[in-house]
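> Quick note, the sequences are listed as chains A, B, C, D, E and F, same order. With my numbering applied, the first sequence corresponds to residues 5 to 342, in that order. With my numbering applied, the second sequence corresponds to residues 5 to 342, in that order. With my numbering applied, the third sequence corresponds to residues 5 to 342, in that order. With my numbering applied, the fourth sequence corresponds to residues 5 to 342, in that order. With my numbering applied, the fifth sequence corresponds to residues 5 to 342, in that order. With my numbering applied, the sixth sequence corresponds to residues 5 to 342, in that order.
The reader is advised that the hints may include incorrect statements.
Chain copies aren't distinguished; within one or between two, either way the pair holds.
[Said to hold, decoys possible] Derived BS3-like pairs (lysine-lysine); straight-line CA-CA distance at most 25 Å:
(1) 161 - 138
(2) 120 - 57
(3) 161 - 120
(4) 57 - 12
(5) 301 - 184
(6) 301 - 57
(7) 155 - 11
(8) 120 - 239
No lab work stands behind these hints, which were simulated from the structure alone.
Number of protein chains: 6
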Amino acid sequence: MTAITEKKQFVRDLTPGTRVDDLFVLAERVLSHKKDGNPYLNVVLSDRSGQLKGVAWDHVEQMAAAATGGDIVRVSGNVSEYRGAPQLVVRTMVAVDPDQVDTADFIPATDLDIDKLFERLRSLTRSIQTPWIKALFEDFWGDPVFVTRFKRAPAAKMMHHAYIGGLLVHCLSMAVLADKLAGHYSGVDRDLLIAGAILHDVGKVREFDFTTAIDYSDEGRLLSHIVIGLEMVEKRLQTLADVPRDQANLLKHLIVSHHGAPEFGAIEPPKTIEAVLLHYIDEIDSKINAIREFMAKDATAETWTAYHRVLGRHFYRGRSTAVPDNANTADPETGRTD
Amino acid sequence: MTAITEKKQFVRDLTPGTRVDDLFVLAERVLSHKKDGNPYLNVVLSDRSGQLKGVAWDHVEQMAAAATGGDIVRVSGNVSEYRGAPQLVVRTMVAVDPDQVDTADFIPATDLDIDKLFERLRSLTRSIQTPWIKALFEDFWGDPVFVTRFKRAPAAKMMHHAYIGGLLVHCLSMAVLADKLAGHYSGVDRDLLIAGAILHDVGKVREFDFTTAIDYSDEGRLLSHIVIGLEMVEKRLQTLADVPRDQANLLKHLIVSHHGAPEFGAIEPPKTIEAVLLHYIDEIDSKINAIREFMAKDATAETWTAYHRVLGRHFYRGRSTAVPDNANTADPETGRTD
Amino acid sequence: MTAITEKKQFVRDLTPGTRVDDLFVLAERVLSHKKDGNPYLNVVLSDRSGQLKGVAWDHVEQMAAAATGGDIVRVSGNVSEYRGAPQLVVRTMVAVDPDQVDTADFIPATDLDIDKLFERLRSLTRSIQTPWIKALFEDFWGDPVFVTRFKRAPAAKMMHHAYIGGLLVHCLSMAVLADKLAGHYSGVDRDLLIAGAILHDVGKVREFDFTTAIDYSDEGRLLSHIVIGLEMVEKRLQTLADVPRDQANLLKHLIVSHHGAPEFGAIEPPKTIEAVLLHYIDEIDSKINAIREFMAKDATAETWTAYHRVLGRHFYRGRSTAVPDNANTADPETGRTD
Amino acid sequence: MTAITEKKQFVRDLTPGTRVDDLFVLAERVLSHKKDGNPYLNVVLSDRSGQLKGVAWDHVEQMAAAATGGDIVRVSGNVSEYRGAPQLVVRTMVAVDPDQVDTADFIPATDLDIDKLFERLRSLTRSIQTPWIKALFEDFWGDPVFVTRFKRAPAAKMMHHAYIGGLLVHCLSMAVLADKLAGHYSGVDRDLLIAGAILHDVGKVREFDFTTAIDYSDEGRLLSHIVIGLEMVEKRLQTLADVPRDQANLLKHLIVSHHGAPEFGAIEPPKTIEAVLLHYIDEIDSKINAIREFMAKDATAETWTAYHRVLGRHFYRGRSTAVPDNANTADPETGRTD
Amino acid sequence: MTAITEKKQFVRDLTPGTRVDDLFVLAERVLSHKKDGNPYLNVVLSDRSGQLKGVAWDHVEQMAAAATGGDIVRVSGNVSEYRGAPQLVVRTMVAVDPDQVDTADFIPATDLDIDKLFERLRSLTRSIQTPWIKALFEDFWGDPVFVTRFKRAPAAKMMHHAYIGGLLVHCLSMAVLADKLAGHYSGVDRDLLIAGAILHDVGKVREFDFTTAIDYSDEGRLLSHIVIGLEMVEKRLQTLADVPRDQANLLKHLIVSHHGAPEFGAIEPPKTIEAVLLHYIDEIDSKINAIREFMAKDATAETWTAYHRVLGRHFYRGRSTAVPDNANTADPETGRTD
Amino acid sequence: MTAITEKKQFVRDLTPGTRVDDLFVLAERVLSHKKDGNPYLNVVLSDRSGQLKGVAWDHVEQMAAAATGGDIVRVSGNVSEYRGAPQLVVRTMVAVDPDQVDTADFIPATDLDIDKLFERLRSLTRSIQTPWIKALFEDFWGDPVFVTRFKRAPAAKMMHHAYIGGLLVHCLSMAVLADKLAGHYSGVDRDLLIAGAILHDVGKVREFDFTTAIDYSDEGRLLSHIVIGLEMVEKRLQTLADVPRDQANLLKHLIVSHHGAPEFGAIEPPKTIEAVLLHYIDEIDSKINAIREFMAKDATAETWTAYHRVLGRHFYRGRSTAVPDNANTADPETGRTD
């Protein structure tokens, strides 16, 4: 995608005194009134590097009318300081055509070749023998609207794989792991396990909005990716012939149970060997990536990372280990970044 | 339903020495072999009063072939004692036509008039103004297969409303409560709340098998009534015209969240006023009925009930309160048993 | 109450550069000394809109002597900025007669007519048939010191009904709900349930100080409103004739158990039907009000509220729902704000 | 106390075939009817060694009328076996005058000299300097009805000190510990801490019924010993002159908080140094006694005790340590059994 | 090992009336006295199929002297019934030389070839490149006393791999998994991860006694296999030259943290990528084996297993899946049983 | 220790505009580059009063080379303000010889006489009778490297005794308490309990680095003081003759279990009377000191402290109690500060 306007100023670099004239996402917009009755506009602007608050005192109503939350806007103004943080005093703000910009400036994206990753995933599904599972993937892959969205979706808002393409990177890595583990224990249904690895999070293509920023959709917040994913799979299954219902329930059970325990969002705990395995494969790939991304983000070259609030500990980088430059570039099939 | 054969012997009354010749559910059946190679058959027999173990030493393979788990069987034999508990030594066992028996002998059922309860519920749904919700109930009520099953389904296997008709009794009581509470706070969508009260547990018509005994179905154990219920509602919504998707998501959110918190099985916590209210209405009706049924079951005329293991306490009956004879007979619309 | 001096400047509106001369609560006051031995005074000033830090460098000891924590003070000075936040440099500060001010400027209060609400509650207690409960309320309502305090008490410091009159609004709403639910299930002692609805939080009249700001009293922090409320009820019961002790214990049990479970502060879990119902009525009224107040406070006109830290989620306002202007104005008897 | 009839047969020793004619507590009594309309009586009999079920087939109604739950009864009959456990077939049962029996046959009691223990506790309270605390104990000790009950009360139904005199043994041991710890840290109010040690569980004199068996009273189950104890202390404080209310609240806070955390029944967590210390003193004395009593009860001479279900572990007795014969005989002042 | 006496009678098959004359483990032995002063002996006898209580009335003191807990004894007597369970009335009991018996009769053991499994593990450690890790394994494998014990140790008392050889089976399977996962993510120290897989549970060789039955040793109960394992590794490391201490700490951290979280026994949570991976590899291999062993043990040919108390659910076997005959026979390197 | 250069400027007193020229700990140091390629240096400086961020724009690489994290550095520059907080613009920075400075300026230390405290502890260990325990302490006290470190070690980074000498103060106080409690209950092994009191936290001498600031060592974070302490004790035990292994395991069990429960870091829960007592002694001394230090730190002379986030409550100081000036000065043997 070629952007007409190239973005040069990023939120992270803006300090008091900077003169701004560039593109941002209008993340939030609130119109208020001063006691003298004059209106003013509070905004939050964002790009892939962070968020910045702003305020406009003049031409407020025109600006408010010219752009709405989620738009890409061209903004001019000056950075001042308010309550100890930089604040942009907005002079002009107009919405621009989102097709004219490079959305990668606004949402982080994987550096890997998405088409190549997808092709690997697709080729893995070609090795599936079970007819109805094979047919289900053909149905998914044959729907270009779905495929486009699936290739761009993030796997999370914050913790891990929180970037364009993240869902694909996560699913491919899990499918490769599933293939390895299916062979380690006898009696494991490999086709089912691989299908679960690829589809367990498929509802995330609708759980998230990721046009100009990654955030939950209304549907995502009300129903969760588990329920949405079940609906997506069930809908396609109903159009296929000869789907054995008890087998289909085993696939749906993988989606239902992949969080492992109710307190972590599993509607039912894993009740089949494949469901137990899938849960751990998901845990491994999420946690390892969350930790590696955290190690990479944290700029100091210290032996230990900062304290990870969610995981509740510092992580050890080692005395001599060089910090990887970009944790998103690992080859998900081989698992190697080099 | 008129049963051809009237059942007279109930499990609870069988003591060592009793000669048995009556109908039971064949709840379990395991064929084993002694060291000398001869087969024997272990069975579990049940009826509405409880369960009894049994063993057959003769004609074992014929018997094993003649009936399978879940069948209604006519059994003859003698009650002996094994390891301190009564055990039936089975002499003959044959499956009988389930249509010839009164299933009420095998599964407990409400004493209330199910058709009358259903008519009340139906009339409540006629008061709904929102067109798509009205249409959804017309679709449900117009499906005789669904209605037959909905009128018989239990609301649980053990804790509360664990009897034929229990789901209907529970939903009607909740719908009446929903109607009362919707008027207490401004801004509550009454139609949505009543729809949630009736449909939040609708998946239980498939979560449970309740032909000859109440137990979980495979689908129930793998997917839960929440997922099944969402699927049932979504399937009908797709056949209706003019369903506003964001409104439909609010109804589905009521099903998703009615258990209140993830650790109790809610996929998402309640995020709308209606979802918060529905959760409490469900809590009230389940807990009050669980306690009342426990008070009624517990035969001693003591001030305090026995210890309730799940709820973790004794309940106070009061020094002079007569124990109600049957906790299932309350009028669910008025809430009064007298 | 007519205030002699009308307050015009509120903490929320004070920005660096503003010249201040108005009334505030002196919430905190600490006298320290610089290395050169000169004293300075750190203060925290508050009103119904928030809190502001201040510092005084001159005439410090006179000021410190002239007012103490909790006083209403007239303060003059200028707002500057310190460590990124506004700070008032205090020039003069004197205590004023609290009877001369409108305390509503300093603590938020309900907009509803407190006397009317109280009259409704009182009329509800007139419908009670049980003699000793009737007598207990006559004793409470006949004590003007208690009634004055009961009508002003808040129901909480922060979460819900955290305003003058909040306890009354909460109790009246609960009593009306109790009346509705008592009729829904047979065998419920309506008089006991209504008494519990009104008295379960009565200890809050002493748990909180609410003269110039809402905060916990020493007694409140050491003993809790549950223990204080039990003491208040027991003390009056001892002056009444013919109180059946076992019945009185059931009323006291409602106070003891209304938080539902020990981890939420219930000394015993609810062990009677009435106690179980009262717990849920309290839950419903607290949670619904906490959410509605949170929805109202949160100024953006977004579909979703900000993240509610205690309840652990965003709440859905809906795409088109206008935010109510004041969540405290609901008619607690009918539950409607319109 | 000299018992007219000496009890010789204890529940623990009764095996099938034994002929019984002795005194027991009638712990439970349920009158039922057979299908033929004839009544029968199920009973539970107890003494200090355990419980035994029984059944009567003849003269049932006379027997049922002749004794009620909690009575001491003289029972004759034969022990048979039912469902793998001994069962007494009761021939005759009559209530006897409880003053004629030695209740020590029916409830376990300390072997220590209760009067001597009480005298030690009383002498400890004589060392208290704070006038109002001194006066409070004079008031308690001057009430013979209270003292009689206090000297007999158990400290628990099962876990520790579950015998006549247990509360006194526990309080004396804690008071001695409190005295030691008060001197270890500066700034601790010794009088307050000792008062807390003696009075923190004082509500147990009413929380338990312990005439013929140790069980919870209605009041105990509905209100808990914490609430009852607060009421007992407050009532006496109101009759005393010159009680500083803020000091009294600190004593009441010791009762309120002694369980340490809400999930263990503390209404408020300990908020003073004395409350924190008292909580740990209580923990130490309860746990050490629970473990020692468990070690003593468990008859095998193994290195490890059986698994303690509540504490969740086996305890180590040591390879050579002789098991103490009676864990209740420790001298609570010196803490030594030898 | 060739046993001189072949055991034919197993506890599981003993029913009332059987005449017994065979070898058992004397698991427990308690000498008591009847009121008339005569001694009697209570015993617990065990073999690989279960446990049986027994009692001896004659020649009691000789028998008590002739054998002690843990001995293999030859016992003769008759099975009767006591309180609803079989009980052996012991006539004679003498200890036999444990070297003369096949311990496999008394403790369950893997059917796999232990020497072959060990050889595979050893060859895996030959592929390690890091000198000090290589040296550490040479030191372990060069110690015949250790190797003998390591090859026999169980991995648990009950949940999974609770049989002779279980630790080896578990470690080999984990080492193979570690090898696979080490290649999936870049930057993982394969040698360290494999060393952790083999040594994380090494303390179990002393945590358990497994001569005649699997039970915890004193040291095991007091210190846990984690502490014992750390001590074993540290002791050997101190005898090796050129061990980099920071690297050694990373290996010890794998032992310290492999339970994942403090509440599951991890002293520290996993703080390196290798520690996170090792924890999940352990989880997978333990859980999958626990479930497979549970599926195999549970004799009914039902779709669902019985309820697994620790894991809190029924597991799905599938409608047509044949139950594997022996869950212990999986080839741990390939993971396949066929 | 006499410092050549006396430190006069402390972080807590530095405000924008101050000219700085003094010694600090270089806690952190990160070299970055601006877009124009020029380097700049971010530093964090600390002393016993707190931490300050700083930045250097000139001579950056020389400075970066001249000092590394943990060094004591002489810094000159000016305090400005950045994002609402003071920031030092560093002009010069050089490392100084740590032996030339008084480390007490950089880490808080007890005001008590460390040598005197240690002498008391040593004399307590002389009263020990058990030969091997006596020998163990002689071994510890005879090692001057250990003793020097033991006398300086802190007991924590933040919560309590977080100062030089804190471990000694804590252990002495606990040993005195252990002596008192050992006499209160019969059958307690006094020597073992005192040994546990002194050695339970001995691993903290390696868990923390405390040369120029208190922080966790790599070994501390990877292994915890429990594992390190066990290793330290075991290593010395192996050099002693005639150590009874089962007794040694009981001492090691005290270290293993002193945190009380796995979720608080105990590898095994306390399984001996001594272990249970030691856990409570540790709880008492840690909590009482944490609260007293918190009460002392909190500068306002209010009745209640600020909210203690970890302990989850406000603490009551009392209306008239003077705040102790220094909570670290209590005499740990008598427990009195006066």
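> For each hint, tell me whether it holds in the structure or not.
Results for each hint:
1. Taking CA atoms no more than 25 Å apart as the test, residue 161 paired with residue 138 passes in neither setting, with 31 Å inside one copy and 37 Å between copies.
2. In this homomeric assembly, residue 120 and residue 57 never come within 25 Å of each other (Cα to Cα): the closest approach is 38 Å inside a single copy and 46 Å across copies.
3. With identical chains, the CA atoms of residue 161 and residue 120 are at most 25 Å apart within one copy only, with a shortest distance of 24 Å there and 49 Å across copies.
4. For a Cα distance limit of 25 Å, the shortest separation of residue 57 from residue 12 inside one copy, 19 Å, qualifies, whereas the shortest one across copies, 29 Å, does not.
5. Taking the closest pair of Cα atoms, residue 301 and residue 184 never come within 25 Å of each other, the shortest separation being 30 Å inside a single copy and 27 Å across copies.
6. Both within a single protomer and between protomers do residue 301 and residue 57 lie at most 25 Å apart by alpha-carbon distance, with minima of 23 Å and 20 Å respectively.
7. Proximity of residue 155 and residue 11 under a CA criterion of 25 Å is satisfied intra-copy only: 24 Å inside one chain copy versus 60 Å between copies.
8. For a Cα distance limit of 25 Å, the shortest separation of residue 120 from residue 239 qualifies neither inside one copy, at 28 Å, nor across copies, at 36 Å.
Hints 1, 2, 5, 8 from the list above are not met by this structure, while the remaining hints are.
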